[in-house]
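Please put together the full structure from these sequences, using the hints given.
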Amino acid sequence: MAICALVSRKAMRSVLRSGGTVTVGSGLNQIRTLQTFSLPDLQYDYGALEPAISGEIMKIHHQKHHQTYITNYNKSLEQLDEAIRKGDSAKVVGLQSAIKFNGGGHINHSIFWRNLAPTSEGGGEPPKGGLGWAIDTDIGSFESLIQKMSSEGAALQGSGWVWLALDKESKKVGVETTPNQDPLVTKGLHLVPLLGIDVWEHAYYLQYKNVRPDYLKNIWNVINWKYANDVYERETA
Amino acid sequence: MGFQLFSMSKFSYHHPATIPQAQGLRINGSSLYLSLRKKKYQESCGCRRASKTVAFYGLTTPPYELDSLEPHMSRRTLEVHWGKHHRAYVDNLNKQLADSSLYGLTLEELVKVTYNNGNPLPEFNNAAQVWNHNFFWESMQPDGGHMPQDGLLQQIEKDFGSFLNFRENFVGAAMSLFGSGWVWLVLKREEKKLAVVRSSNAVNPLVRGDIPIIALDVWEHSYYLDTRNDRGKYVNTFMDHLVSWHTATARLARAEAFVNLGEPKIPVA
Chain A
1 MAICALVSRK AMRSVLRSGG TVTVGSGLNQ IRTLQTFSLP DLQYDYGALE PAISGEIMKI
61 HHQKHHQTYI TNYNKSLEQL DEAIRKGDSA KVVGLQSAIK FNGGGHINHS IFWRNLAPTS
121 EGGGEPPKGG LGWAIDTDIG SFESLIQKMS SEGAALQGSG WVWLALDKES KKVGVETTPN
181 QDPLVTKGLH LVPLLGIDVW EHAYYLQYKN VRPDYLKNIW NVINWKYAND VYERETA
Chain B
1001 MGFQLFSMSK FSYHHPATIP QAQGLRINGS SLYLSLRKKK YQESCGCRRA SKTVAFYGLT
1061 TPPYELDSLE PHMSRRTLEV HWGKHHRAYV DNLNKQLADS SLYGLTLEEL VKVTYNNGNP
1121 LPEFNNAAQV WNHNFFWESM QPDGGHMPQD GLLQQIEKDF GSFLNFRENF VGAAMSLFGS
1181 GWVWLVLKRE EKKLAVVRSS NAVNPLVRGD IPIIALDVWE HSYYLDTRND RGKYVNTFMD
1241 HLVSWHTATA RLARAEAFVN LGEPKIPVA
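Chains A and B supply the protein sequences, listed in that same order.
Quick note: the first sequence, position 51, residue 51 per my numbering, numbers continuous.
Quick note: the second sequence, position 23, residue 1023 per my numbering, numbers continuous.
Please note that the accuracy of each hint is not assured.
[Unchecked claim] Covered stretches of chain B (in silico footprint by chain A; criterion: 3 or more residues with CB under 8 angstroms from a CB of chain A, positions within the stretch not fixed):
| # | region |
| --- | --- |
| 1 | 1077-1086 |
| 2 | 1096-1105 |
| 3 | 1199-1207 |
| 4 | 1221-1227 |
Derived by calculation from the structure, the hints in this document are not laboratory data.
Each residue gets a CB set at the ideal place from its N, CA and C atoms; glycine is no exception.
As structure tokens, then:
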């Protein structure tokens, strides 16, 4: 395991922005690197989304919740890697729910931070371009999309996400919800998330308490439609 | 006209009543009798009024002041958790029941009926959450925590090995629950032993036929105002300072009327 000691995870992480690598495996015939992950930076200040979402919420959401998902995801991946190496099928299967939950949490929140932008930087501006047309064609109107996503988000029991999804096969957009931290692909392998709204209580509780509909009304002011449009045009190119 | 019983006790979980009079306690079994008598009376005096009877459930108050769980659970948390969340479940349940034919059920029966064997009716979520929160307030007490005593302790030691094992089990279950849900100490009817179980969202052990002894709400709204994302601190505080072993003992004693725990030499209380 000498190579392990030379390539420490911390050292690698400071070099690579997207994550780090851990060299695993012993012996000459099984050297493999495991990609681990680190917290992506926000492209705006914590307080920049006020008054729609408070700075306190953004800070805790990013630094605590998302970070915890990443930490536990990395842990599960290392355990999975070892279980695969040892051929321990029971452990491999047993780890799946932790990976789905924590990995999903990482995926979903990474998208979420990109989905938000301060109003001064275009947050809340309705989409122009391909996505705008697609919304009008597939859903009817921009207003009815907002209304649909808000009502599905409010009706979601417990914790989960509400998505504006692009079906890569049919090239249509639609609204989906997923429970807990299930990523959108669990609803269909050909679904691409354009917009995700976190309706877990931690996303709004400190500010809105139990009034989730108010959160869902205000968040539209800071939605980054430009990002969603970029993803849409890239995937339908 | 017949007889009317008045019982709007603040602490009864279930008092379905007619609207708009909102009076009268329907005891299971006599509900049919009363409604028939009402119908006969209306027919006999020719004063048939258009009236619709619907079930109606009330918001029960926690058996302590909202600030008496301080500093372990803040007054603010209780004001919002009970005053807003719990109240909303009750109000929304009543709204749903205004248009449904579910009538004459105790809250517990309503939960089981609306669960519909895993295919829940729209009323289930609200009904179950009302029941769960009633149960939760009573699972706590001011100056709670410490250790269970006598028969309850013996039963825990019998089924978990030791109290510490049980505590570890319970805390571990709470920490590893993904999303929103509840953690329970239940008496399993079939296995005739205590166990720690988890449930998602609004589901509770009643629907599986088990008898709940203690409940802990791990929806984020239960702890977010006090400990933010630190669920571990909340769960440990619950175990150390909030859980009411007196209530648990009483519930276990009642449960023994339904589940034969075997050796009669275990004293319960």
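Checked hints:
no.	hint	verdict
1	1077-1086	holds (count 3)
2	1096-1105	violated (count 0)
3	1199-1207	holds (count 3)
4	1221-1227	holds (count 3)
Of the numbered hints listed earlier, the single one contradicted by the structure is hint 2.
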